[in-house]
Amino acid sequence: MAPLLADDPRRIGGYTVVERLGAGGMGTVYLGRSASGLPVAIKVIHAGRSGEAAFRARFAREVTAARAVGGAFTAPVIDADPAAEDPWLVTAYLPGMSLQQAVAEHGALPVPAVFGLGASLAEALVSVHRAGVVHRDLKPANVMLAPDGPRLIDFGIAHAAGEAVVTRTGHMVGSPGYLAPEQAAGDGTGPAADVFALGAVLAFAATGEGPFGRGRAEVLIYRVVHDPPRLDAVPDAGLRALIADCLAKRPELRPAAADLVPRFAARAPAVEVLQGTSWLPAPVADGIGAAERSLAGLGRDRRAFLKAGAAAGAVAVLAGAAAAGTVLARGHGSPKKAAAGTSPSAAPTPATPPDAVQVWQHDIGTDPFGGLAVADGMLLVSADDGRLIALDARTGEQRWQHKKSGRDGGAAGWRTPVVSGGVLYVGWPDTEGTLYAYDVKTGKEKWRTVLPGDPREPGAGDGLVVVDAGDLVALRASDGSRRWHRNIGNVQDVTPAVAGGSVFTADASTVYALDAGDGRVRWRHRIGSGGDQYARSSPVASGGMVFCGSGDATLVALDAASGAERWHFLGGTSVGEPAVAGGVVFVGDGSGNMNALDARTGATRWRLATGDESVGQASVDGGVLCFLTKNWGFGVDAASGRALWKTAVGGGVRADVAADGLYHVGFESGQIMTLAVKGT
Numbered sequence: 001m002a003p004l005l006a007d008d009p010r011r012i013g014g015y016t017v018v019e020r021l022g023a024g025g026m027g028t029v030y031l032g033r034s035a036s037g038l039p040v041a042i043k044v045i046h047a048g049r050s051g052e053a054a055f056r057a058r059f060a061r062e063v064t065a066a067r068a069v070g071g072a073f074t075a076p077v078i079d080a081d082p083a084a085e086d087p088w089l090v091t092a093y094l095p096g097m098s099l100q101q102a103v104a105e106h107g108a109l110p111v112p113a114v115f116g117l118g119a120s121l122a123e124a125l126v127s128v129h130r131a132g133v134v135h136r137d138l139k140p141a142n143v144m145l146a147p148d149g150p151r152l153i154d155f156g157i158a159h160a161a162g163e164a165v166v167t168r169t170g171h172m173v174g175s176p177g178y179l180a181p182e183q184a185a186g187d188g189t190g191p192a193a194d195v196f197a198l199g200a201v202l203a204f205a206a207t208g209e210g211p212f213g214r215g216r217a218e219v220l221i222y223r224v225v226h227d228p229p230r231l232d233a234v235p236d237a238g239l240r241a242l243i244a245d246c247l248a249k250r251p252e253l254r255p256a257a258a259d260l261v262p263r264f265a266a267r268a269p270a271v272e273v274l275q276g277t278s279w280l281p282a283p284v285a286d287g288i289g290a291a292e293r294s295l296a297g298l299g300r301d302r303r304a305f306l307k308a309g310a311a312a313g314a315v316a317v318l319a320g321a322a323a324a325g326t327v328l329a330r331g332h333g334s335p336k337k338a339a340a341g342t343s344p345s346a347a348p349t350p351a352t353p354p355d356a357v358q359v360w361q362h363d364i365g366t367d368p369f370g371g372l373a374v375a376d377g378m379l380l381v382s383a384d385d386g387r388l389i390a391l392d393a394r395t396g397e398q399r400w401q402h403k404k405s406g407r408d409g410g411a412a413g414w415r416t417p418v419v420s421g422g423v424l425y426v427g428w429p430d431t432e433g434t435l436y437a438y439d440v441k442t443g444k445e446k447w448r449t450v451l452p453g454d455p456r457e458p459g460a461g462d463g464l465v466v467v468d469a470g471d472l473v474a475l476r477a478s479d480g481s482r483r484w485h486r487n488i489g490n491v492q493d494v495t496p497a498v499a500g501g502s503v504f505t506a507d508a509s510t511v512y513a514l515d516a517g518d519g520r521v522r523w524r525h526r527i528g529s530g531g532d533q534y535a536r537s538s539p540v541a542s543g544g545m546v547f548c549g550s551g552d553a554t555l556v557a558l559d560a561a562s563g564a565e566r567w568h569f570l571g572g573t574s575v576g577e578p579a580v581a582g583g584v585v586f587v588g589d590g591s592g593n594m595n596a597l598d599a600r601t602g603a604t605r606w607r608l609a610t611g612d613e614s615v616g617q618a619s620v621d622g623g624v625l626c627f628l629t630k631n632w633g634f635g636v637d638a639a640s641g642r643a644l645w646k647t648a649v650g651g652g653v654r655a656d657v658a659a660d661g662l663y664h665v666g667f668e669s670g671q672i673m674t675l676a677v678k679g680t
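Number 182 in UniProt numbering belongs to position 182 of the sequence shown; there are no gaps in the numbering.
Treat the hints loosely; a few may be bogus.
Here are the in silico distance ranges between beta carbons for each label pair [claimed, not checked]:
hint: 1; residue 1: D232; residue 2: V357; range: 44 to 52 Å
hint: 2; residue 1: D392; residue 2: G463; range: 25 to 33 Å
hint: 3; residue 1: A256; residue 2: A54; range: 28 to 36 Å
hint: 4; residue 1: D81; residue 2: D660; range: 34 to 42 Å
hint: 5; residue 1: S481; residue 2: W523; range: 26 to 34 Å
No wet-lab data here; the hints were simulated from the structure.
Backbone N, C-alpha and C fix where the C-beta goes; we use that ideal spot for every residue, glycine too.
Could you put the whole structure together from the sequences, leaning on the hints where they help?
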């Protein structure tokens with residue numbers, strides 16, 4: 001929560017606005033009170049979106065769909081005004097925690113609790129589907145564990161079954177890892193898609209991880225469509241079989257929600273038990289109780305309630321209030337082989353850092369799926385509708401753009417842009433794949449080169465551009481001519497590092513150093529047993545060292561010349577993407593910490609507890625570390641670890657980058673939000 005800003009409304013409809021709960025690409029969410037004192041959550045759509053006729057039509061449909069839903073295990077809409085100058089939506093503000101938060105903080109649920117959760121959510125889906133509605137985004141963050149039982153929340157993207165979805169071309173609604181194969185393929189959604197998502201949510205509840213693992217959005221989508229779910233860790237054969245039925249690839253093979261209710265209820269706690277918290281592990285039940293007590297204090301002591309509510313995890317039942325953000329790193333752990341006489345120190349952070357200062361906001365109208373880059377005063381945006389856009393980094397005004405069409409004439413997206421020496425290098429997924437070089441300032445094409453496969457994010461340096469395109473391909477930066485190519489290990493979706501006459505790349509278990517001149521392998525170093533190919537990081541080269549996270553969650557520091565290990569950082573379940581600046585390695589972990597490690601020794605200089613999860617890769621600019629967690633953006637003093645500012649970002653974050661005193665954050669909705677790096 002955060003105090004209201006000067007231009008925030010004090011009343012919306014008949015509701016008093018009390019505090020900010022969060023903000024994202026679509027709108028701002030406020031804590032409010034009804035005339036009778038009932039705590040509510042109010043979402044107000046950004047002015048830039050409310051002027052779009054298509055968006056207003058979609059929002060009105062969402063409100064109609066959400067109001068049609070009832071039932072014991074759902075959370076209906078209280079009020080809304082889609083026709084207001086700035087459309088708004090009001091729902092109950094319920095105490096408790098999301099399933100995502102409960103499992104992240106306290107671990108997987110016991111088998112009887114998962115059966116109970118399955119029975120409750122299946123019954124909720126019966127209510128949803130009976131109203132002619134498809135939820136379309138059932139995921140752990142949208143399952144609320146409340147004092148009176150589990151609730152299915154967030155109907156912000158629900159729509160009437162069989163209706164066309166009012167949305168932009170090329171956009172896919174749903175959360176990677178939980179959306180159904182037919183959603184991923186763009187074939188439309190029906191009630192069976194919600195059943196698929198239910199199976200994925202229950203797998204998460206039973207094991208602590210979704211059935212398609214972790215990874216980038218495109219990786220999870222591929223697995224959902226093509227790979228079998230990973231259910232070996234589900235600890236009960238009967239539960240495993242039920243979840244597997246829900247996760248059938250073909251929608252017609254999945255059971256209906258109504259058929260699932262008795263199958264889950266047969267081994268679930270009684271209904272009257274499920275309408276309390278005794279069926280949950282004690283730490284989860286205690287957290288829900290603390291949130292309920294804090295909510296009761298709203299009318300007595302506003303400030304005490306706000307502080308206690310934030311700590312206890314009271315949840316706003318509203319689209320975008322606490323949806324999972326898309327970030328680029330994962331992690332968990334503590335350092336190993338730190339220098340003698342050193343120990344991790346907590347950063348001296350105030351309990352509530354000030355909010356960030358927004359410089360500008362701009363809507364590009366589509367998802368910046370490929371990412372962001374900054375150079376020569378330009379913010380370069382790789383969009384999923386075939387546009388490559390250059391904005392003035394200080395104002396958000398467009399300077400130039402290129403537009404391309406996909407293979408079938410439809411929308412497609414540029415890959416992640418990289419800038420070196422005033423030149424933008426970016427891939428396009430043609431039949432084979434093409435890498436383009438553009439002048440950053442003018443947008444003029446300098447050269448293009450056809451590659452053997454889909455070009456991922458390139459690495460540039462030493463007069464070379466090196467890209468993973470099936471094989472590892474090295475091109476001359478001057479004209480795009482091919483210098484060499486090599487097939488190296490099981491390298492997939494890696495950004496190579498080019499430094500000191502070497503090219504560094506990695507697969508899930510091994511780091512490779514290649515001669516930049518001819519591509520021969522100089523050394524290879526095994527850094528893990530394999531693990532998840534998509535859980536490892538790309539290598540980062542700096543100061544004669546190479547830093548890389550393995551597929552089994554270890555960050556390893558290697559000598560760039562010899563490949564010898566200097567130190568390593570054990571990550572537990574995973575480690576984040578490292579960033580290096582000023583002789584310090586910054587890396588997130590899954591416990592919600594950002595760690596600062598001495599690049600030479602691995603000694604921990606400081607560790608900042610963010611109070612959140614999914615700590616992303618940092619950008620360092622002007623001595624300030626900028627990074628995202630699931631729900632927040634942070635600006636941190638790189639030397640001390642002191643939080644300079646903290647701002648709610650809500651859900652749907654796609655990419656971020658800090659440079660030249662500005663921190664740019666791109667949302668799936670098409671909003672680009674730019675903040676002051678130093679918070680002033």
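A quick look at each hint next to the structure:
The hinted range of 44 to 52 Å is satisfied by D232 and V357, whose Cβ atoms lie roughly 48 Å apart. The hinted window of 25 to 33 Å between D392 and G463 holds, with their beta carbons roughly 30 Å apart. At about 33 Å, the beta-carbon gap between A256 and A54 stays in the expected band of 28 to 36 Å. Evaluation of the 34 to 42 Å hint for D81 and D660 yields a pass: the beta carbon distance comes to about 40 Å.
At roughly 27 Å, the beta carbons of S481 and W523 sit within the given window of 26 to 34 Å.
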